[in-house]
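Participant: Produce the entire structure from the sequences given, and follow the hints as far as they go.
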Amino acid sequence: MYRIGQLAKLSDVSKRTIDYYTQIGLLKTAETTSKFRSYPEHSLERLKLIEHYKQQHMTLKEIRKQLEMFDDDTIAEGNVLEKVNQIQAQIEGLEKEVLELQPLLKKLDENQLQLLTKQLSAKGMSLVHIIAMISEGSLML
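In our numbering, the protein residues as written are 377 to 517.
Hints are supplied without guarantee of correctness; some may be wrong.
[Claimed, not checked] Quick list of in silico lysine to aspartate or glutamate cross-link-like pairs, DMTMM-like style, CA-CA up to 25 angstroms:
no. : residue 1 : residue 2
1   : K459      : E438
2   : K472      : E438
3   : K459      : E421
4   : K424      : E444
5   : K437      : D395
[As the list claims (entries may be wrong)] Cβ pair distances, simulated, as ranges:
no. : residue 1 : residue 2 : range
6   : L492      : D395      : 35 to 45 angstroms
7   : K411      : Q490      : 55 to 65 angstroms
8   : Q490      : E444      : 37 to 47 angstroms
9   : K430      : E471      : 46 to 56 angstroms
10  : R392      : E458      : 26 to 36 angstroms
Since the hints were derived computationally from the structure, they do not count as laboratory data.
In this text, all values refer to a predicted model and were calculated from it rather than measured experimentally.
Every residue gets a Cβ at the ideal spot worked out from N, C-alpha and C, and that includes glycine.
Facilitator: Structure (structure tokens):
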């Protein structure tokens, strides 16, 4: 269990923001006999997920819908298809950004290119390969 101050510190999110997320139902407090509000252990991961979605420029309404889908034990086929469509739209956006980057990448010398490649994490590189395979149609979901 976390008190709001602990959760704020661990997540690097303000108490006011946590309070707001609680008011609008994105976070839920735990039932306790204490006069202090407590949040269950999973609240930290949920808060990190909310912040991740915000970085992806999702609205709070979209985030709520996404979290509701995760909370639902029985995920409807339509929800899965909707999520796949969202991912596809994101992939298309990333493809566009990659195309915009290509002229800049061609201007890098060999040392700069090697440095850039080293900075990409293994997960990042794997994701790039998966995105490329999906967009080429050689990997089906």
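Participant: For every hint, state whether the structure bears it out.
Facilitator: Tested hints:
no., hint, result
1, K459 <-> E438, "12 angstroms, holds"
2, K472 <-> E438, "23 angstroms, holds"
3, K459 <-> E421, "20 angstroms, holds"
4, K424 <-> E444, "16 angstroms, holds"
5, K437 <-> D395, "17 angstroms, holds"
6, L492 <-> D395: 35 to 45 angstroms, "41 angstroms, holds"
7, K411 <-> Q490: 55 to 65 angstroms, "58 angstroms, holds"
8, Q490 <-> E444: 37 to 47 angstroms, "45 angstroms, holds"
9, K430 <-> E471: 46 to 56 angstroms, "23 angstroms, violated"
10, R392 <-> E458: 26 to 36 angstroms, "32 angstroms, holds"
Violated hint: 9 only; the structure is consistent with all others.
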